[in-house]
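Trainee: This is what each chain is made of:
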Amino acid sequence: MAEHEAIDIKELPEQPEKATLEGRNKYLGFWFFLGGETVLFGSLIGTYLGLRGGTIDGPGPADLFHLDLVFIMTMILLTSSLTSVMAIINMHRGNFKKLLMWMSMTVILGTAFLGFEIYEFYEYYHAGLGFSTSAFASSFYTLVGTHGAHVLFGIVWITTLLVRYRKTGLTLYNAPKFNTAVLYWHFIDVVWVFIFTVVYLLGIGG
Amino acid sequence: MSSHLDATAPLKGKPSKQTERKLKKEAKTQLASYFLMIAITSMAFISIASDAIPSGFAIPFILLLAAVQVTFQLYIFMHMGERKTSWVNIMIWTGMLIAVLTVGALMFLIGVVKY
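As they're listed, the protein sequences go chains A and B.
1 is the number of the first residue of the first sequence in the UniProt record's numbering; add one for each residue after it.
1 is the number of the first residue of the second sequence in the UniProt record's numbering; add one for each residue after it.
One thing to keep in mind: the hints can contain errors.
Said to hold, decoys possible - Okay, derived cross-link-like pairs now, DSSO-like style, lysine-lysine, Cα gap no bigger than 30 Å in a straight line:
hint: 1; chain 1: B; residue 1: K12; chain 2: B; residue 2: K22
hint: 2; chain 1: A; residue 1: K167; chain 2: B; residue 2: K12
hint: 3; chain 1: B; residue 1: K84; chain 2: A; residue 2: K98
hint: 4; chain 1: A; residue 1: K167; chain 2: A; residue 2: K97
hint: 5; chain 1: B; residue 1: K17; chain 2: A; residue 2: K167
hint: 6; chain 1: B; residue 1: K24; chain 2: A; residue 2: K26
hint: 7; chain 1: B; residue 1: K12; chain 2: A; residue 2: K177
hint: 8; chain 1: B; residue 1: K24; chain 2: A; residue 2: K97
hint: 9; chain 1: A; residue 1: K26; chain 2: B; residue 2: K25
hint: 10; chain 1: B; residue 1: K12; chain 2: B; residue 2: K25
hint: 11; chain 1: A; residue 1: K97; chain 2: B; residue 2: K22
hint: 12; chain 1: B; residue 1: K14; chain 2: A; residue 2: K18
hint: 13; chain 1: A; residue 1: K97; chain 2: A; residue 2: K18
hint: 14; chain 1: A; residue 1: K98; chain 2: A; residue 2: K167
Unchecked claim - Chain A residues, not near chain B, derived (Cβ > 10 Å throughout):
hint: 15; residue: P13
hint: 16; residue: T20
hint: 17; residue: E22
hint: 18; residue: T38
hint: 19; residue: F41
hint: 20; residue: L51
hint: 21; residue: M75
hint: 22; residue: M105
hint: 23; residue: I108
hint: 24; residue: A127
hint: 25; residue: T159
hint: 26; residue: L162
hint: 27; residue: V163
hint: 28; residue: T168
hint: 29; residue: G169
hint: 30; residue: L202
None of these hints come from the bench; they were simulated from the model.
Beta carbons: idealized from backbone N, C-alpha and C, even for Gly.
Hey, can you work out the whole structure from these sequences and the hints?
Mentor: Structure below.
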């Protein structure tokens, strides 16, 4: 079994993020965490679906949501998923500069997404949807806001990696870190697929 | 070969020819699935935005599209179909199962029985 032997660091391993025991443990442990995150978002989506009809006298989904804005946000997040995939492919090529470049692109796209979301919340607030206006308002802000907080956390995480490792080059120590950050970013995208379908599309169409 | 491995030493060297070929193919697959996801997303938005499609059809249709897209994300972008990912699959699908049960249970608890 080649993977149990000491690794000759002069040679680029096929998957540097899984070449060390620490890297493999990080990979596995991170998926355990993502399983738990799935449940977290599942319960928030369930709460939203249960409460979204309770608008009392406040504005409802059909009065507020703009499909064009949500479409742009979705495209931005999908594209940021692609740029982070490109980062990992370049990591496997041993091209650290391009890895940093694609990760920076991901951060920029993530920030753009977050900007749109803040603008969206600002608009809704001025349209009369405060956090405690109705059951719909509370469950909407909690669900979408939790996702937004995850995006913010991902941006801070990747930026920290970019600053910390801007000069070190690719190592067996930082490769797993970049890999988990990218997995996290994809997961945010997966959650958004559910949110734009269940919150925005069902909110307007159903 | 040294048994004391310094994990913080920068990695040098290039991937083998075979790996390079694999990575090229991989990049193509990722790009293709990206465009597929754009198409799926656009279809979902169009089926809701257009008045020509009745909502009785559009709602199950967009839920199906979401399921397809999430499966693509997990298996292509997040590489869940690779070798040695059985624990990964167990964790994420258990999470999904619990999430689905939670969504169903919460909706019935709160009393939503109609769409």
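Trainee: Determine for every hint whether it applies to the structure shown.
Mentor: For each hint, the structure was consulted:
no., hint, in the structure
1, K12/B x K22/B, "19 Å, holds"
2, K167/A x K12/B, "14 Å, holds"
3, K84/B x K98/A, "28 Å, holds"
4, K167/A x K97/A, "9 Å, holds"
5, K17/B x K167/A, "27 Å, holds"
6, K24/B x K26/A, "26 Å, holds"
7, K12/B x K177/A, "18 Å, holds"
8, K24/B x K97/A, "18 Å, holds"
9, K26/A x K25/B, "27 Å, holds"
10, K12/B x K25/B, "23 Å, holds"
11, K97/A x K22/B, "21 Å, holds"
12, K14/B x K18/A, "17 Å, holds"
13, K97/A x K18/A, "20 Å, holds"
14, K98/A x K167/A, "13 Å, holds"
15, P13, "8 Å, violated"
16, T20, "6 Å, violated"
17, E22, "7 Å, violated"
18, T38, "3 Å, violated"
19, F41, "7 Å, violated"
20, L51, "6 Å, violated"
21, M75, "7 Å, violated"
22, M105, "14 Å, holds"
23, I108, "17 Å, holds"
24, A127, "20 Å, holds"
25, T159, "21 Å, holds"
26, L162, "16 Å, holds"
27, V163, "17 Å, holds"
28, T168, "7 Å, violated"
29, G169, "3 Å, violated"
30, L202, "7 Å, violated"
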